[in-house]
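Colleague: Here are the chains, one letter per residue:
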Amino acid sequence: MRICVVGCGAVGSLFAAHLAQLEDVEVWAYDAYREHVDAINAEGLRLSGAGDVVGRMRATTDPAELPPCDFGIVATKAMHTSAAIAATAHAFAGGCVATVQNGLGNEEAIAEFAANVIRGTTFPAGKLLAPGHVQWDVRGDTTLGPFEPSPAPFAEVERLADACTRGGMPTKAVRDARGPQWRKVIFNAATNPIGALTGLTHGRVCERPDLRLLVSGLVDEGKAVAAAQDIELDADPEDLIDHAAKPEVAYDHKASMLQDVEARRTTEIAYLNGGIVRFGREHDVPTPLNQAIWALVKGVEQSWTK
Amino acid sequence: MRIVVAGAGTIGSLLAGHLARVADVAVLTRRPEHARALNEHGLRVSGRSDFTARLRAATDPEELAGAELVIVACKGGDLEPLAEELAGRFAGATLMTVQNGLGAEDVIAARGSWPILSAVTFMSGTRHADDHVEYVLDTATWIGPYRGTTGADAEAVAELIRSAGLQAEAFDDLRPTQWSKLVFNATVNTVAALTGLPHDFHFAEGELGSLVHALVDEGKAVATAAGVTLREDPWEMNVHATRRGHAHYPSMLEDVTAHRPTEIELITGSLMREAGRHGVAVPLHTALYSLVKAKEACYS
Numbered sequence: 001m002r003i004c005v006v007g008c009g010a011v012g013s014l015f016a017a018h019l020a021q022l023e024d025v026e027v028w029a030y031d032a033y034r035e036h037v038d039a040i041n042a043e044g045l046r047l048s049g050a051g052d053v054v055g056r057m058r059a060t061t062d063p064a065e066l067p068p069c070d071f072g073i074v075a076t077k078a079m080h081t082s083a084a085i086a087a088t089a090h091a092f093a094g095g096c097v098a099t100v101q102n103g104l105g106n107e108e109a110i111a112e113f114a115a116n117v118i119r120g121t122t123f124p125a126g127k128l129l130a131p132g133h134v135q136w137d138v139r140g141d142t143t144l145g146p147f148e149p150s151p152a153p154f155a156e157v158e159r160l161a162d163a164c165t166r167g168g169m170p171t172k173a174v175r176d177a178r179g180p181q182w183r184k185v186i187f188n189a190a191t192n193p194i195g196a197l198t199g200l201t202h203g204r205v206c207e208r209p210d211l212r213l214l215v216s217g218l219v220d221e222g223k224a225v226a227a228a229q230d231i232e233l234d235a236d237p238e239d240l241i242d243h244a245a246k247p248e249v250a251y252d253h254k255a256s257m258l259q260d261v262e263a264r265r266t267t268e269i270a271y272l273n274g275g276i277v278r279f280g281r282e283h284d285v286p287t288p289l290n291q292a293i294w295a296l297v298k299g300v301e302q303s304w305t306k
Numbered sequence: 001m002r003i004v005v006a007g008a009g010t011i012g013s014l015l016a017g018h019l020a021r022v023a024d025v026a027v028l029t030r031r032p033e034h035a036r037a038l039n040e041h042g043l044r045v046s047g048r049s050d051f052t053a054r055l056r057a058a059t060d061p062e063e064l065a066g067a068e069l070v071i072v073a074c075k076g077g078d079l080e081p082l083a084e085e086l087a088g089r090f091a092g093a094t095l096m097t098v099q100n101g102l103g104a105e106d107v108i109a110a111r112g113s114w115p116i117l118s119a120v121t122f123m124s125g126t127r128h129a130d131d132h133v134e135y136v137l138d139t140a141t142w143i144g145p146y147r148g149t150t151g152a153d154a155e156a157v158a159e160l161i162r163s164a165g166l167q168a169e170a171f172d173d174l175r176p177t178q179w180s181k182l183v184f185n186a187t188v189n190t191v192a193a194l195t196g197l198p199h200d201f202h203f204a205e206g207e208l209g210s211l212v213h214a215l216v217d218e219g220k221a222v223a224t225a226a227g228v229t230l231r232e233d234p235w236e237m238n239v240h241a242t243r244r245g246h247a248h249y250p251s252m253l254e255d256v257t258a259h260r261p262t263e264i265e266l267i268t269g270s271l272m273r274e275a276g277r278h279g280v281a282v283p284l285h286t287a288l289y290s291l292v293k294a295k296e297a298c299y300s
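Residue numbers (the working numbering), protein chains in the order written: chain A, 1 to 306; chain B, 1 to 300.
Check before you lean on any hint, since a few could be wrong.
Claimed, not checked - Below, in silico cross-link-like pairs of lysine-lysine (DSS-like), each with a Cα-Cα straight-line distance of 30 Å or less:
1) A/254 / B/293
2) A/246 / B/293
3) A/77 / A/127
4) A/172 / A/254
5) A/254 / A/127
Unchecked claim - The following label-pair restraints were derived from C-beta to C-beta distances:
6) B/261 / A/243: 28 to 38 Å
7) B/201 / A/232: 54 to 64 Å
8) B/227 / A/224: 48 to 58 Å
9) B/298 / A/170: 34 to 44 Å
10) A/305 / B/298: 54 to 64 Å
Because the hints were derived from the structure by calculation, they are not lab data.
These numbers were taken from a predicted model, which means no experiment stands behind them.
Where is the CB? At the ideal position from N, CA and C, for every residue including glycine.
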């Protein structure tokens, strides 16, 4: 089985390095970051932190080098999905393409270039420390399921999930993978931008009663949009938010969007709150708070380019 | 005519400097070094005007007794202590508040029986030093009667300000203008403070334009419920201001950039209190209020 990870940042690297442990899987990594690719080819891809793993694989910045693959795993930031899949789609002409990205709309973007698409949501996280070296911060599960408008055959979804699990990334194949995806999107959309706009860590956001109310307002809109699509959330985002606010969990965690804003990098707001707004419009569910938050973070991004 | 300007931030400095050309002006400051700088160097006004005004300054109101007009132009957070200082002084003077938000007049009115005028200003400037202010936007100051005063009293002060080289207009009822500015400010200041954007074209188009429009609509609903007919449509004020070709940095944006306390309580807080009083829901203003408060809490 040949699998290509498209976008080998922190999350892509977790999948690539684990899958490379398997004898029956040949792993390729496609990424635009030249030093990272060179380091992977020279020394392998190293994970440290929650576990120590070194994966040997072929990495390239040139999509033309990619051989035909059974699976693609897209793990770019959401704003790079279309460009990444457009460049690599030829390698997946006979295969299936899964997304393990944040936000809403990635499956739709992939389906413009690939016939067999797998919806995915993953909770593990990390960060790129140096070329070829990723810090693995958080372990967690991944859920995969066919993307209904352009579905991959369920047997293929199961085959990919099985490979990920055997490689050390616990992954479930389910018929409807929207529940975990929306649970994660709602959680992220309700908390990440609040941290980004105020500068507060997750725990400090949650201990301000008026901000916690705003978070709940954002969650409620997301839940209403999910309900309008008959999506059953696999857990209540409110419980996850309170859990994450505990000192021993993620009280001091700076949301990735706050890190993006501090580094003046484009955020994923358009695929989180923006995604909830778009799906809300399609299903006639008003989402004024998500719309406001989307506009504000977009405004923050616009303030850098003047 | 003897005038005391109490509080010499940007607006107070612009008023004091210009009025000193046509009246006997003294400035009441909080900091002694501020008063010293003004007494030693005068007040330089640059930008749309260009002159140095000679005026007196002091931190003790006793030294400035005998004024006929006291203009209260301090930052919102300084209003209570300043009102305390004015109590029992300046008998015979008319007091005029030039403050953001609503309710400054009541804070002053509670401290003495002076006749009171109420004013809102749209002019703007940049304070470069204690003794140097730049006059940037020559938009008007609007004045109306509040307690024990008439439209004619407002007109007399407006005429004085005009003769000093600034724009001013008098009204028999200031509430329609005051509320126009309140809704405009609550919207533009908070959005600027949270995004870091000066008041430019982004406020009139796209996603951010939609948010600005929705915030204005909430504010208009509160005005309607309070029985106030707005003099100007805050959305049109917004669009007009973004087309001036000069991107203004609203004071709340300057405050959060400098990690100073903002006027959120006076501006959006006023609007929310009115909304609560009249049973109007303002979820977006409430959200932005919470975000700005949290941003202030994050300074340290």
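Colleague: Next, verify each hint and record whether it holds.
Modeller: Evaluated hints:
1. A/254 / B/293: The hint holds at about 19 Å.
2. A/246 / B/293: The hint holds at about 23 Å.
3. A/77 / A/127: Between residue 77 of chain A and residue 127 of chain A the Cα gap is close to 13 Å, so the pair holds against 30 Å.
4. A/172 / A/254: 29 Å, holds
5. A/254 / A/127: 13 Å, holds
6. B/261 / A/243: 28 to 38 Å: Hint holds: Cβ distance 34 Å, inside 28 to 38 Å.
7. B/201 / A/232: 54 to 64 Å: 43 Å, violated
8. B/227 / A/224: 48 to 58 Å: 34 Å, violated
9. B/298 / A/170: 34 to 44 Å: 37 Å, holds
10. A/305 / B/298: 54 to 64 Å: 24 Å, violated
Hints 7, 8 and 10 from the earlier list are contradicted by this structure; the remaining hints agree with it.
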